[in-house]
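J.: Here is what each chain is made of, one letter per residue.
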Amino acid sequence: MTGLDALPPGASVRRRADGFADHLVGPAARRRMLTDRFIETFEAWGYGFMVTPLIEPLDTIAAGVGGEQQSALFRFMDSDGALLALVGERTVSVARVVATQLHAGPFPLRLCYAGSVLRNQAPNAGRRRESLQAGCELVGAGGLAADAECIALAAASLERGGMEHIQVDVSHADFIPGLLESAGLDPLARDDVLAALARRDLVAVEAALEGTEAADAERRLLLAFPTLRGGREILDTAAGGLRGERPHRALEQLAQLWDLLEAHSITDRVHLDLGAVRDWDYYTGPTFEVFSVDSGFALGSGGRYDTLLSRFGVALPATGFVLHVDRCHDSLVRRAGALAAPAVLQVSWESDAHAEALELARDLRSRGLACACDVAAGGDGDVRVSATGVHWLHLGHEEHGTVDAAVASFAARLP
Amino acid sequence: MSGLRVALPGGTLFEATCSLLHAAGIARLDPARFDRELSIRDGDDVYVKVRPTDVPVYVEMGGCECGVVGKDVLWETSRECYELADLGFGQCRLVLAAPRDSALARGVWPQSLRVATKYPASARRFFAARSLNPVVIQLHGSVELAPLTGLADCVLDITATGRTLAANDLVEIVEAGASTARFIANHAALKTRNESVAALAVALRRAAAERRTAGAA
Numbered sequence: 001m002t003g004l005d006a007l008p009p010g011a012s013v014r015r016r017a018d019g020f021a022d023h024l025v026g027p028a029a030r031r032r033m034l035t036d037r038f039i040e041t042f043e044a045w046g047y048g049f050m051v052t053p054l055i056e057p058l059d060t061i062a063a064g065v066g067g068e069q070q071s072a073l074f075r076f077m078d079s080d081g082a083l084l085a086l087v088g089e090r091t092v093s094v095a096r097v098v099a100t101q102l103h104a105g106p107f108p109l110r111l112c113y114a115g116s117v118l119r120n121q122a123p124n125a126g127r128r129r130e131s132l133q134a135g136c137e138l139v140g141a142g143g144l145a146a147d148a149e150c151i152a153l154a155a156a157s158l159e160r161g162g163m164e165h166i167q168v169d170v171s172h173a174d175f176i177p178g179l180l181e182s183a184g185l186d187p188l189a190r191d192d193v194l195a196a197l198a199r200r201d202l203v204a205v206e207a208a209l210e211g212t213e214a215a216d217a218e219r220r221l222l223l224a225f226p227t228l229r230g231g232r233e234i235l236d237t238a239a240g241g242l243r244g245e246r247p248h249r250a251l252e253q254l255a256q257l258w259d260l261l262e263a264h265s266i267t268d269r270v271h272l273d274l275g276a277v278r279d280w281d282y283y284t285g286p287t288f289e290v291f292s293v294d295s296g297f298a299l300g301s302g303g304r305y306d307t308l309l310s311r312f313g314v315a316l317p318a319t320g321f322v323l324h325v326d327r328c329h330d331s332l333v334r335r336a337g338a339l340a341a342p343a344v345l346q347v348s349w350e351s352d353a354h355a356e357a358l359e360l361a362r363d364l365r366s367r368g369l370a371c372a373c374d375v376a377a378g379g380d381g382d383v384r385v386s387a388t389g390v391h392w393l394h395l396g397h398e399e400h401g402t403v404d405a406a407v408a409s410f411a412a413r414l415p
Numbered sequence: 001m002s003g004l005r006v007a008l009p010g011g012t013l014f015e016a017t018c019s020l021l022h023a024a025g026i027a028r029l030d031p032a033r034f035d036r037e038l039s040i041r042d043g044d045d046v047y048v049k050v051r052p053t054d055v056p057v058y059v060e061m062g063g064c065e066c067g068v069v070g071k072d073v074l075w076e077t078s079r080e081c082y083e084l085a086d087l088g089f090g091q092c093r094l095v096l097a098a099p100r101d102s103a104l105a106r107g108v109w110p111q112s113l114r115v116a117t118k119y120p121a122s123a124r125r126f127f128a129a130r131s132l133n134p135v136v137i138q139l140h141g142s143v144e145l146a147p148l149t150g151l152a153d154c155v156l157d158i159t160a161t162g163r164t165l166a167a168n169d170l171v172e173i174v175e176a177g178a179s180t181a182r183f184i185a186n187h188a189a190l191k192t193r194n195e196s197v198a199a200l201a202v203a204l205r206r207a208a209a210e211r212r213t214a215g216a217a
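The listed protein sequences correspond, in order, to chains A and B. At position 269 of the first sequence the residue is numbered 269 (the working numbering), and the sequence of numbers has no breaks. At position 55 of the second sequence the residue is numbered 55 (the working numbering), and the sequence of numbers has no breaks.
Looking at chain A on its own, in the form it has when it is part of the complex:
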């Protein structure tokens, strides 16, 4: 039976839902290790690890994220008929926790998390519907030093996780909207240009600017959009001829941020990218994305979101970021191949030496060596225990000795 006409009996129970993944032993270990490295780094920078639920009321999520993200949520009904959703990101949950349980401070508050997020995307698109995210939120700090800290921490975490040649693109959420305002565009034309930028459709941006009274300096900048990037020098290039106060303020903030990033010693990995397309309704200040040449997607992204907390009744500035663990894992696999399952020593025993074998296994584990003890006598493992002593292989030679000698021999091979 081919299954094309009808599934064979029993096959439906073996299906896995589209867009979801099983992570087998080696890859799952590396994925967990990546997450651990990220969280260790977050904690080393003073961020407290916390856990939020996988499910939030739809109303809670709707207070934080826009309509497009909301429509991509897995939604279902609570026992009282209220709508619930599986979280599509976790910043909103952290904001809810801060507003309800941590609003007394002390501020600034440094929080971090790691967990699954779910998106109900079309199946067969090759996109994940469940992915693992690790992130940080720095709440109650309005200054640029907080933004610089988040950028430096995101970069440090990715590098600690083994990502190589990362590139951080820093932008400002108010630059493009401010530019459009100072360009003298009427609100309708402004919305057209913003919508085209949000769609990443630069052909439409050009068309929307055509026939408007946008001033030359602004038009020139908007059309140069994908190439508005580089080091600190592009800020001066961009500022030339700009009239409005709003875009100038954004550029000034980026200049100060650049100096702070220099103090963090990471400007060799940073580009300023004035044309970055981000969610301009959500972000209110500096934003950033982290890339690597190994990945067609951003490995991490973040920015300042000073209006989110007020939607939960607490007016606090905040900035933060998220790292995409699965994309980082993909990037490592692409560069170095999939990770093999971690090595485990197999301990075998003759029927008169089961207790000695279990003792040996306990000793090996207490030294940090992973080992599995046979569940039946007579096996041919890496270590074989009999009443007359222990046999094991060392550098191709068969060795024989006491339990203590065997443990010492294996422990000496630990890095």
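Note that these hints are calculated values from the structure, not bench results. Bear in mind that the values here come from a model prediction, so they are computed numbers and not experimental data. Quick reminder that beta carbons are idealized off the backbone N, C-alpha and C, glycines included. Worth double-checking, as some hints may not be accurate.
Covered stretches of chain B, going by a simulated chain A footprint (3 or more residues, C-beta under 8 Å) [claimed, not checked]:
1) 49-63
2) 131-141
Simulated restraints, written as ranges between beta carbons of each label pair [claimed, not checked]:
3) A:D259 - B:R124: 45 to 51 Å
4) B:R124 - A:L223: 27 to 33 Å
5) B:R36 - A:P8: 39 to 45 Å
6) B:D30 - A:F49: 54 to 60 Å
7) A:L223 - B:A23: 21 to 27 Å
8) A:R334 - B:S19: 33 to 39 Å
9) B:D30 - A:A145: 55 to 61 Å
10) B:R212 - A:E68: 34 to 40 Å
11) B:T12 - A:S265: 19 to 25 Å
12) B:D44 - A:E213: 40 to 46 Å
13) B:R206 - A:M33: 45 to 51 Å
Chain A is already provided as a structure; the job is to place chain B on it using the hints.
T.: Okay, now just chain B, sitting in the frame of chain A:
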């Protein structure tokens, strides 16, 4: 740093795409060679010929850093790519067309409407923008047969010359959109390979503009 992987659309845009790449001084690709080879290296860059609808898939997922594809394909896809330049060629239009003797052709929109189309996503947005809720019937070829057989009242279809519509006694009711070939790029590639991708966009845009000027003269 290694070169770029560029996705080229097979089908009607293919030869014009190769010719524009040549005119722009980017690559000299013999279209016939792609009949024998799936991918062709030119300098550091690699060119692959794929179905037009697959171009945004390759580019979004990072299989290729950039590509060329018709705007009509981009209307229909949910893939997120940067659209960097209008290349001018491959002009066609997405139009709503109905039989010459229909009410629609006389300017009367019936209360219930059945539309046959190969472009369901474009149809959904086109009608939603006009607050219309027709029954959309997705077909995979020869949609002009749908009104002839009574399957649908009208069609939403791509036309380059209007000849196929006319041959089937269909008249254009309204244009939904005009399409040309576009140069698209992957999000991360635009950031990590900015100079190469932007240089390609600039060269293609210049060659397209020269071609337009030459065509007008």
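J.: All hints are to be evaluated individually against the structure, with a verdict given for each.
T.: How the hints compare with the structure:
Residues of the stretch 49-63 of chain B lying with their CB closer than 8 Å to a CB of chain A number 5, which satisfies the three-residue condition for coverage. Judged by the Cβ-Cβ criterion of 8 Å, the stretch 131-141 of chain B is not covered by chain A as claimed, because only 0 of its residues qualify and three are needed. Range check, A:D259 to B:R124: Cβ separation about 49 Å, and the 45 to 51 Å hint holds. In this structure the hint that B:R124 and A:L223 lie 27 to 33 Å apart at CB holds, the actual value being about 31 Å.
The hint said 39 to 45 Å for the Cβ distance between B:R36 and A:P8, and at roughly 40 Å that hint holds. In this structure, B:D30 and A:F49 meet the distance hint of 54 to 60 Å, their C-beta atoms being roughly 59 Å apart. Between A:L223 and B:A23 the C-beta distance comes to about 23 Å, which sits within the given range of 21 to 27 Å. Roughly 34 Å separates the CB atoms of A:R334 and B:S19, a value that falls within the hinted 33 to 39 Å.
For B:D30 and A:A145, the Cβ-Cβ distance of about 58 Å falls inside the hinted range of 55 to 61 Å, so the restraint holds. Taking the beta carbon of each, B:R212 and A:E68 are about 35 Å apart, inside 34 to 40 Å as hinted. In this structure, B:T12 and A:S265 break the distance hint of 19 to 25 Å, their C-beta atoms being roughly 53 Å apart. At about 44 Å, the beta-carbon gap between B:D44 and A:E213 stays in the expected band of 40 to 46 Å.
Distance hint check for B:R206 and A:M33: the Cβ-Cβ separation is about 48 Å, which falls inside the suggested range of 45 to 51 Å.
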